[in-house]
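A.B. asks: Residue numbers (our numbering), protein chains in the order written: chain X, 1 to 151; chain B, 1 to 733.
Calculated from the structure, these hints are not laboratory results.
Idealized CB from N, CA, C, for every residue including glycine.
It cannot be assumed that every hint is accurate.
Said to hold, decoys possible - To give an idea of the interface, some chain X residues facing chain B are shown, with a C-beta separation under 8 Å as derived from the structure:
| no. | residue |
| --- | --- |
| 1 | D18 |
| 2 | L31 |
| 3 | G35 |
| 4 | G39 |
| 5 | C40 |
| 6 | Q44 |
| 7 | G82 |
| 8 | L91 |
| 9 | T137 |
| 10 | Y138 |
| 11 | R140 |
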Amino acid sequence: MASFTLNINGKQQEVDVDPSTPMLWVLRDHLNLVGTKYGCGIAQCGACTIHLDGTATRACMLTVSSVGNSEITTIEGLSEEGDHPVQKAWLEVDVPQCGYCQAGQIMTASALLEKNPNPTDEEIEMAMNGNICRCGTYTRIKKAVKLAAKS
Amino acid sequence: MTLVKTKIGRRAFIRNTGLASGGLVIGFNWLASCKMTPEQVNNLPKEWFELNGFLKVGDNGLVTIMSPNPEIGQNVKTSMPMIVAEELDVAWKDVIVEQAPLNTDIFTRQLAGGSQSIRQGWESLRMAGATARHMLKEAAAQAWGVPANEITTKDGMLTHEASGNSAGYGEMASAATNIEVPEEVELKDNGSFSIIGTDKRNVDGKDIVTGKPLFGLDVYKEGMLTAMIVHPPAFGMKYKGMNADTVKTMPGIKDVFHFVVYPEGMEKQWSDGGGIPELVAIVGNSTWECMQAKKALQVEWEQDSMAESTSYHEKALAELLEKPTEAPARQDGDVESAFKSAAKIVESTYSAPYLAHNTMEPMNFFAHVTPEKAELLGPIQTPEFAEKTLAARLGMPLEKIDIMMTRMGGGFGRRLYGPFVIEAAVISQKMNAPIKLVYTREDDMTQGTYRPSYKVKYKAGLDESGNLIAWHVRGAGTNDDLIFENRFPAGAVDNYLAEKHSLTTNVTTGAWRAPRSNFIAGAEQAFMDEVAEAAGKDPLEFRLELFDRAINNPVGDPENNDYDPERYAGVLKLVKEKSNWGTDTGKARGVAAYYCHNSYVAQVLELEDGGDMPRVDKITCAVDCGIVINPIAAKNQIEGGMIDGIGHSTYSALSFENGRPEQSNFDTYRLIRHSESPKNIEVHFVDNGIDPTGLGEPSLPPVIGALSNALYQATGRRFYKQPFINDKPPLVG
Numbered sequence: 001m002a003s004f005t006l007n008i009n010g011k012q013q014e015v016d017v018d019p020s021t022p023m024l025w026v027l028r029d030h031l032n033l034v035g036t037k038y039g040c041g042i043a044q045c046g047a048c049t050i051h052l053d054g055t056a057t058r059a060c061m062l063t064v065s066s067v068g069n070s071e072i073t074t075i076e077g078l079s080e081e082g083d084h085p086v087q088k089a090w091l092e093v094d095v096p097q098c099g100y101c102q103a104g105q106i107m108t109a110s111a112l113l114e115k116n117p118n119p120t121d122e123e124i125e126m127a128m129n130g131n132i133c134r135c136g137t138y139t140r141i142k143k144a145v146k147l148a149a150k151s
Numbered sequence: 001m002t003l004v005k006t007k008i009g010r011r012a013f014i015r016n017t018g019l020a021s022g023g024l025v026i027g028f029n030w031l032a033s034c035k036m037t038p039e040q041v042n043n044l045p046k047e048w049f050e051l052n053g054f055l056k057v058g059d060n061g062l063v064t065i066m067s068p069n070p071e072i073g074q075n076v077k078t079s080m081p082m083i084v085a086e087e088l089d090v091a092w093k094d095v096i097v098e099q100a101p102l103n104t105d106i107f108t109r110q111l112a113g114g115s116q117s118i119r120q121g122w123e124s125l126r127m128a129g130a131t132a133r134h135m136l137k138e139a140a141a142q143a144w145g146v147p148a149n150e151i152t153t154k155d156g157m158l159t160h161e162a163s164g165n166s167a168g169y170g171e172m173a174s175a176a177t178n179i180e181v182p183e184e185v186e187l188k189d190n191g192s193f194s195i196i197g198t199d200k201r202n203v204d205g206k207d208i209v210t211g212k213p214l215f216g217l218d219v220y221k222e223g224m225l226t227a228m229i230v231h232p233p234a235f236g237m238k239y240k241g242m243n244a245d246t247v248k249t250m251p252g253i254k255d256v257f258h259f260v261v262y263p264e265g266m267e268k269q270w271s272d273g274g275g276i277p278e279l280v281a282i283v284g285n286s287t288w289e290c291m292q293a294k295k296a297l298q299v300e301w302e303q304d305s306m307a308e309s310t311s312y313h314e315k316a317l318a319e320l321l322e323k324p325t326e327a328p329a330r331q332d333g334d335v336e337s338a339f340k341s342a343a344k345i346v347e348s349t350y351s352a353p354y355l356a357h358n359t360m361e362p363m364n365f366f367a368h369v370t371p372e373k374a375e376l377l378g379p380i381q382t383p384e385f386a387e388k389t390l391a392a393r394l395g396m397p398l399e400k401i402d403i404m405m406t407r408m409g410g411g412f413g414r415r416l417y418g419p420f421v422i423e424a425a426v427i428s429q430k431m432n433a434p435i436k437l438v439y440t441r442e443d444d445m446t447q448g449t450y451r452p453s454y455k456v457k458y459k460a461g462l463d464e465s466g467n468l469i470a471w472h473v474r475g476a477g478t479n480d481d482l483i484f485e486n487r488f489p490a491g492a493v494d495n496y497l498a499e500k501h502s503l504t505t506n507v508t509t510g511a512w513r514a515p516r517s518n519f520i521a522g523a524e525q526a527f528m529d530e531v532a533e534a535a536g537k538d539p540l541e542f543r544l545e546l547f548d549r550a551i552n553n554p555v556g557d558p559e560n561n562d563y564d565p566e567r568y569a570g571v572l573k574l575v576k577e578k579s580n581w582g583t584d585t586g587k588a589r590g591v592a593a594y595y596c597h598n599s600y601v602a603q604v605l606e607l608e609d610g611g612d613m614p615r616v617d618k619i620t621c622a623v624d625c626g627i628v629i630n631p632i633a634a635k636n637q638i639e640g641g642m643i644d645g646i647g648h649s650t651y652s653a654l655s656f657e658n659g660r661p662e663q664s665n666f667d668t669y670r671l672i673r674h675s676e677s678p679k680n681i682e683v684h685f686v687d688n689g690i691d692p693t694g695l696g697e698p699s700l701p702p703v704i705g706a707l708s709n710a711l712y713q714a715t716g717r718r719f720y721k722q723p724f725i726n727d728k729p730p731l732v733g
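Modelling step: build the complete structure from the supplied sequences, incorporating the hints.
C.D. replies: Okay, structure coming up:
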């Protein structure tokens with residue numbers, strides 16, 4: 001066990017956990033931030049995507065000891081009122097079916113648009129390819145990313 | 001208006017629960033507050049009046065509608081309450097939706113499966129809304145001293161024009177709880193709807209995009225421990241023993257023990273399918289600590305039955321395809337003589353591997369079992385059946401068992417089978433503590449209740465003019481006999497023979513989105529294309545000719561056929577028109593149509609140029625599901641079903657070596673991704689006003705046929721073996 005001070009969604013948070021614990025489980029089990037989802041545990045599905053200093057990162061393979069002073073943003077911290085352009089576009093297009101993967105999809109999409117405000121279809125697909133949607137909402141996700149890019 | 005009875009025999013569909021309890025005030029629990037807008041939150045009523053089990057009206061006019069069925073992503077949590085709201089005549093903005101707990105006294109068929117929620121819920125949902133509206137009108141009539149039939153309703157308002165009286169539902173809600181439930185109620189006419197048929201966005205949408213705790217895995221409760229299981233590494237193996245001493249002292253670990261989920265002789269339900277009788281449990285403070293202990297634990301297993309490999313399944317299924325069955329499933333005419341006289345014979349064999357469900361949210365369940373009661377909370381498609389097994393296993397009466405349903409991170413049939421509910425309860429009982437059982441992705445994938453592996457052989461005979469005169473299908477599956485003998489083209493061919501075999505294996509199988517149809521539709525529709533080509537006819541026109549035969553001059557008693565040929569032909573004609581079939585787009589195209597789960601679907605699929613496995617550029621899809629409740633969500637189901645079908649037939653497979661699944665996570669089990677998904681999808685509905693049917697499954701099966709047929713046009717190769725990405729068929733001709 002070791003103590004870590006983390007910068008999550010703009011707040012300093014203290015946790016006392018095994019240094020090998022992935023951020024996914026620190027967020028979910030220790031900080032009650034359950035919007036970040038467990039899907040595979042090996043960075044293959046993208047359900048656990050968070051922002052690490054603004055870059056889309058898989059929390060399931062990011063150990064708490066490697067985070068240091070980096071800023072972490074989770075789906076809960078993406079916007080205060082749930083009105084980030086990507087979230088609004090997701091609602092407008094009515095993307096979700098089961099909804100489980102969507103927090104990860106939104107975190108990947110918002111990191112993409114931050115760096116590339118007007119991505120082409122190919123750029124959207126390349127950026128989003130690490131996020132699996134088992135319900136098959138891919139065409140709607142692409143539509144929503146393009147709608148968010150416009151706003 | 002249509003009059004319907006609220007009671008049939010002794011079973012009352014709608015009961016006034018308010019009468020018994022005097023107008024309940026019900027608080028919101030953590031599952032409840034979905035779809036509340038900020039306005040609604042600031043404007044919550046002081047009191048709620050429950051008019052029946054489906055709905056309660058607040059003193060300020062807000063209405064809470066219970067969504068009875070489990071939500072697995074099929075969007076019933078939005079569409080089922082829409083039906084209640086329609087007949088209640090309340091504005092959708094004033095509706096709050098709440099997930100109902102398991103309650104068999106009030107709700108019928110609280111199950112998600114077979115695309116049946118809307119079809120089978122249609123009447124009771126309408127009655128629930130209409131009955132409440134009737135009671136509100138009666139209450140207003142008494143208050144105003146006017147006849148109830150002169151009162152009109154709209155958007156939650158009651159109006160009596162002649163006397164100039166009007167009131168909101170909230171003002172009459174208290175009085176309405178004292179009105180008797182009518183014996184008959186009036187329903188709106190199909191076609192006079194104001195909510196049904198309009199786009200209503202997912203009631204949980206805001207909570208989903210902001211990461212609120214909605215799913216079973218998100219359940220955290222005071223004092224809760226985390227539990228994991230260790231299951232046999234291969235089918236055909238069972239528990240032998242373990243030494244857990246060192247693992248028990250690992251950080252955060254509370255206990256490690258062997259336990260019996262299903263004692264011998266205990267009465268089980270069908271929903272216990274796939275349940276392993278004995279397992280090992282690891283219980284600890286956190287998920288990561290349990291995962292570490294799970295890795296460190298050495299358990300001994302022993303062989304219990306045959307160690308089956310994929311090579312064995314394939315060989316055994318292929319042998320069955322060579323064997324006639326003892327009695328055919330259906331036989332019209334005489335196929336053997338017809339084949340002898342046929343001008344042309346076409347023959348092909350198709351196959352598909354086992355598939356895992358791979359819901360994105362792995363199996364999990366919360367349980368708190370004490371000597372007094374059992375509280376269960378989590379994602380399950382069949383709560384009613386789980387409750388019965390729990391009663392048998394825990395030795396408790398049903399009244400002491402409460403099951404609450406969370407939103408589910410996918411179902412696809414996997415959560416019809418709930419051994420994990422029983423496992424969670426037994427672990428909680430043993431620990432005497434609240435626990436959340438969590439499967440790792442590897443547990444989820446390697447202890448599945450899989451889509452069976454299938455093979456099917458078709459033989460067709462054509463006469464000199466290219467008419468289909470004989471059709472013989474012989475299918476085989478693992479623990480499943482695959483063939484629907486009364487589906488198309490049965491009834492459209494004079495000489496027809498359907499035979500089915502099942503290969504008993506110890507790899508557990510079960511329903512997977514559109515069971516059997518998910519393979520047989522693709523095979524049948526690909527074969528139909530081969531037959532049309534041999535007949536020298538356009539594949540779409542060839543199908544329409546067969547439907548003409550089934551409509552005008554059916555073979556045998558048409559009552560025996562599981563389809564309506566006019567509706568079937570209807571979707572083909574619609575897709576023909578919308579896709580401009582017959583005009584040269586310069587792209588490879590394939591067509592397919594199928595009927596399953598009471599809905600009809602036809603597709604034209606178009607591929608991009610180039611490559612061995614070209615990407616889908618566009619799908620035009622026509623659907624007949626009767627009345628469309630919520631078009632924006634209906635299209636979502638249809639789009640997703642097609643992407644699912646394309647993905648699994650192209651990329652996915654689960655194989656076995658000596659009973660051990662060879663894929664255990666998404667690094668080896670391939671699922672379709674963004675850049676492989678169709679670029680454009682268009683969905684068109686047949687507008688016929690018929691009572692609605694479901695959409696969770698019907699678009700998946702035919703798309704595999706449409707894809708095969710387009711692939712042939714693009715590559716000159718007929719793909720017979722799924723997943724297509726691994727198939728290397730020769731060039732035809």
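A.B. asks: Each hint: holds or not?
C.D. replies: Hints, one by one, checked against the model:
1. D18: This hint holds: D18(X) lies near chain B, its Cβ roughly 7 Å from the closest one there, short of 8 Å.
2. L31: violated (11 Å)
3. G35: Holds, about 2 Å.
4. G39: holds (5 Å)
5. C40: Holds, about 5 Å.
6. Q44: At about 4 Å, which falls below the 8 Å cut-off, the nearest Cβ of chain B leaves the hint on Q44(X) intact, so it holds.
7. G82: holds (4 Å)
8. L91: Constraint on L91(X) satisfied, holds at 5 Å.
9. T137: T137(X) check passes; min Cβ-Cβ to chain B is 6 Å, inside 8 Å.
10. Y138: holds (4 Å)
11. R140: holds (7 Å)
The earlier numbered hint that this structure contradicts is number 2, and it is the only one.
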